[in-house]
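Enquirer: Both chains are sitting in their own frames, so use the hints and assemble them into the complex.
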Amino acid sequence: MISQTMPHGGGPARHAAPDVVIQTSVLTKRYGTAVTALDELTVVVGPGITGLIGANGAGKSTLIKILLGLLEPTSGTAAVFGHDCVTGGFAIRTLTGYMPEHDCLPPDVTATELVTHFGRISGLPATAARERAADSLRHVGLYEERYRQIGTYSTGMKQRVKLAQALVGDPRLLLLDEPTNGLDPAGRTAMLELIARIGTEFGISILVASHLLGEIEQICDQLVAIDAGRLLRADTISSVTQASAALLVEVDEGVDLLQAELVKRGLTPAPFQRGLLVQLAGDETYDAVRDSVADLGLPLSRMEQRRHRIEELFRTDPALADEPRADVPGSQTMGAPSAS
Amino acid sequence: MPADAQAAAGQFGSAATESNNGAIDSAGVIHNIGYRRYDDVRLGRAAIVRALIWHSLRSAFGIRRGAKAKIFPALLFALICLPAAVNAVALATNPHSSPIVGYDDYIPSLRTVVMLIFVAIEAPNLVSADLRNHTLPLYFARPIHRIDYPVAKLVAFVLACLAMIEIPLILLYLGIVSQQHGASQVWEQTLRLGPGLLYGAAWAVLLASIGLLLASTTGKRVFAMCAIGIPLFFSWILAHVLAQVGVQAFSAAGVGQPSALASLAGLISPFTLLGGLLRWLQGNPAIGPAYHPLQPTTIGNYGPVYGLLFAGLIVAAIAGLIVRYRKVGVA
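In order, the protein sequences belong to chains A and B.
The first sequence begins at 1040 in this note's numbering and counts up one residue at a time.
The second sequence begins at 7 in this note's numbering and counts up one residue at a time.
Hints listed in this document are in silico derivations from the structure and should not be mistaken for laboratory results.
Please note: incorrect hints may appear among the correct ones.
[To be verified] Distance condition first, Cα-Cα at most 16 Å in a straight line; then the derived EDC-like pairs of lysine to aspartate or glutamate: (1) B:K74 <-> A:D1147; (2) B:K333 <-> A:D1147; (3) B:K226 <-> A:D1147; (4) B:K76 <-> A:D1147.
Okay, chain B solo, but in the shape it has when bound (with noise of 0.2 Å):
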């Protein structure tokens, strides 16, 4: 043996008899730590999935990363906590006062800036890293399929949106409830908190899938929070100019239905179609004098359009991902 390695192998040793955690025994060297099979039992690929998921949706939220991974999904969340909050606040003081705040679109603004932002900032994170580090073939050679490692990213993504999004609407419920008194009440703002809960689960699933597919083209992350940020932002600014645009041809003309610019302007956007297809599923077109310009969506006769969209790309936008997954490089 050449006398670097035995430099090395005495390195070795004397660490090993340093770090003395059971495993070594008196003679205090490397050599001495037997191998140990493990022979006990193996899990199979849901219950690896299930490991990934997990994994995956903590560091969406920094957990067990740097102090610096945790500012912003904590910054974003407090920040979308903060109506529900003030509710709560404005109610235990003036308990006759109505909430100030909707279980259907929260305050669709707010929510629309916060998870612009938290999508920007985590999809990346859970995939653009994976690409950046050419971590991806230490995943592939281990038993799971390729399938299997997008779609735990979308349900990690999903449920981390899900998250952002239910636990305000859950905080305001209890803010509310608190001020109430008979199980009738209770049972009322239950019932409005459901198609709440359900109408954010179309905000997370959209969210997500559209997020991470764009994510998942680079493996770079400034460049993937610029293409995720980037068309989300501007589209969402177009669509209110757009239906600006349309609203206000639509008042000279004073007719009684809106302009098809004005109600097809929310197509463009993720924010608006989603905005869109509350109207269409409350039966609320939101014609004439209704238009409110931070909830810009008008959408006449067009309901089912935003439906079909809204369904459309969230299967375009997970079909692209799984075929990113499958074409991605393990060289």
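Next comes chain A alone, as it looks inside the complex (with noise of 0.2 Å):
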């Protein structure tokens, strides 16, 4: 589904297969001499939800723009659907829709009028750009409130119109760029349910920018993260989280025991919070950790699988993947991980 290539291109340029949607090879983008925005980044993207993730200013609006072939890179090369970003803008922006980070509506007209007037934009004849501007607008869930005007809608609302815009032209691609920005938290889990939705039963492939991991990993399939415009990992989200699966073993007394028991066994448990933290092998790690449990006659009070979230994945030192730290997924931000 997605691979990655190595950074300073050891073998020669991939053409595009049919299951690869975006490729980009070292592309850079730098704004004046100061600034670099994106820095020979490498990454196939095939179909599917792809999350794009990083912190602000990591260079996910930049690759979005390069993308659609709003921006000219610096250098290396970027393509959509095999249409080279530079020379084949045009045919990209046929082929994708869009939804800008920021406010980008006219309050003065309505919804109805603003995404059948895209549609046409997008080169829909009249009659096709009014039904399938409906049929966008009732796929994100605008009924009546369409006949309304923008300037009247709700941070949510707005956001499910730029949405609907984007959508209206039946595009192969999405290219949302932080769809949930400013939406609370319900807001936040319809957004991701509507784009869960047409990335599946639309199969429309979808690249989502965001900022905020836990969203990216309830429904992407595919995961690309970047900082400070490099590659920091891009692979699948079951092979990312697969890898790193981990019992959570609380015991109200003796963890002591408890370690130095699975350490006999073979395990490798490492102190979490108030309990251990063992690498999940199979279903043989669920047994050992029950019978030492058992052996040792300890009150066992909590067994449970953990995924890792994300950006401790990102975590090259193993010992950092460890450290306690706020317990909310879906609100958390990139911290600035420690790729070297």
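Expert: The following block contains the structure:
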């Protein structure tokens, strides 16, 4: 699905196969001499929902604009569906829908008028534009409100209109830049479900940029993480999380005893919060933990499979991954991962 | 799924049931609206630009916008049609009177004031709003090129200005023709109307290109209106003042040619530039007593200068507009 090539170009550049949606090669974008937004980014993205994560200023929006042909890279190449972003921007823009990060809606028109208009600018004939505008607005969950002026909308409704205008031209690929920006938790969840549905049921590939890791984990098949314009990691979500699934074991007393016992059984338990974190190798890990606790006669209070949060997975030093941290999924931003 | 998400999904479901418009099947939940692919014809770049022109042209007259957006264009249009209506009524009541309004310059002071206000109000509507609302990325992320947007806006605004200028001329023509008998008289009027329409087109192209360039400098509507209205208005006043000074000096000297100041003052303002252009094209330099305070343009022997500046201003304004949108940020 997704693969990572060496940043400094070991092999020949791959030709875009049908299962390649986005491909960049040593892509660099500098603004003037001081600011480097993208730094030799090489990544291949396949179909499905792909999360593009990075802190603010990591280069997510710059990458999206280069993919749309709106910005020219300083060096390197990028291609969408095999069309080069510099020379084939026009072809790419017929195949993609773009939802900008910032507010981009005029307040004095209705959602229907706006989406119909942008349907026409996407190349739809007048009748088709009207029909697809109504469809798109219904898909994003706007009904009677769509006849009201956008200026009267809540932030959540505006985000839905922004998504509807990206969807109206029936794109093969959606580029969504921070779609949950400014939404409350309920609106955030609803927006994520909408994106997941568009990706799975509508069969449209999606690149969704976000600085919120919890969201990405919920809806994406694949993940591209960038920091300071450099690629941190690109992989499928399942391989990222599977590789590091762990078992959290908590006992009311005798943590040290249990740790020693587990080490004896060939496991590598690490102290975590009030319990132990054991790397999960399979069913035998559960058995080993169960038997250890039973043999020692310890009061077991908790045993659960724990998925690492993605930010931990980017830390190359395993010791750092076990640092305790705030435990609220979906509300964490990526704090400069120590990728070296 | 968290509880709030279920609540939200439930909300969608019930709303879908309520709206119940065809695409929703009997289960009545949003998930049952199948996504329909669009495999039909997709229009090319030219058709998209035409759609943008049509959309912009309508918005210049407040069509499909709120009632507030319609007030000024409607008032201004009524105002500029008034002379044609008065003329028609005058001719109808007294068939032997001659027309009180000419095809050439209509009533230049009225046309100047109406077009000044129209351009100052509507040019920002066409371009500043998209800058202010950051709507441009939505356009540039679609299958058009950078140049298409300013060109479409320009064509639309030229058409809007043409409508403001030419429709009154056509009404004037119809009012006159309706009182005349015989094909030859109608033909004569038609021959006179032609140059009037052409000259009106000169007004539309010059004012639209200057107006859009000035409006595209800022996203703030009020600033854009000032950026258009203030220079256009004060240059017009200044041209009049300088022409007066030049004419007074010329009268005192009592020589056969108007002073260079009087002849060149008209170059300062687009409106007097258009007046001078007309005099040059008509071969009427308006020397000496021909001077009229409301038609101040005295061009002396400088007619070609007026023609060159007219063409140069249009080229420069359009080039400026295209450069502006090549550089405009989409971030």
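Enquirer: Could you run down the list of hints and mark each one as holding or not?
Expert: Okay, the hints, checked on the actual structure:
Of the supplied pair hints, the one linking B:K74 and A:D1147 holds, its CA atoms being roughly 11 Å apart against a limit of 16 Å. For the suggested pair B:K333 and A:D1147, the alpha carbons sit about 27 Å apart, so the restraint of at most 16 Å is broken. A distance of roughly 15 Å separates the Cα atoms of B:K226 and A:D1147; the hinted pair therefore holds under the 16 Å criterion. Between the alpha carbons of B:K76 and A:D1147 the distance comes to roughly 13 Å, so the proposed pair stays at or under 16 Å and holds.
Checked against the numbered hints above, the structure breaks only hint 2 and satisfies the rest.
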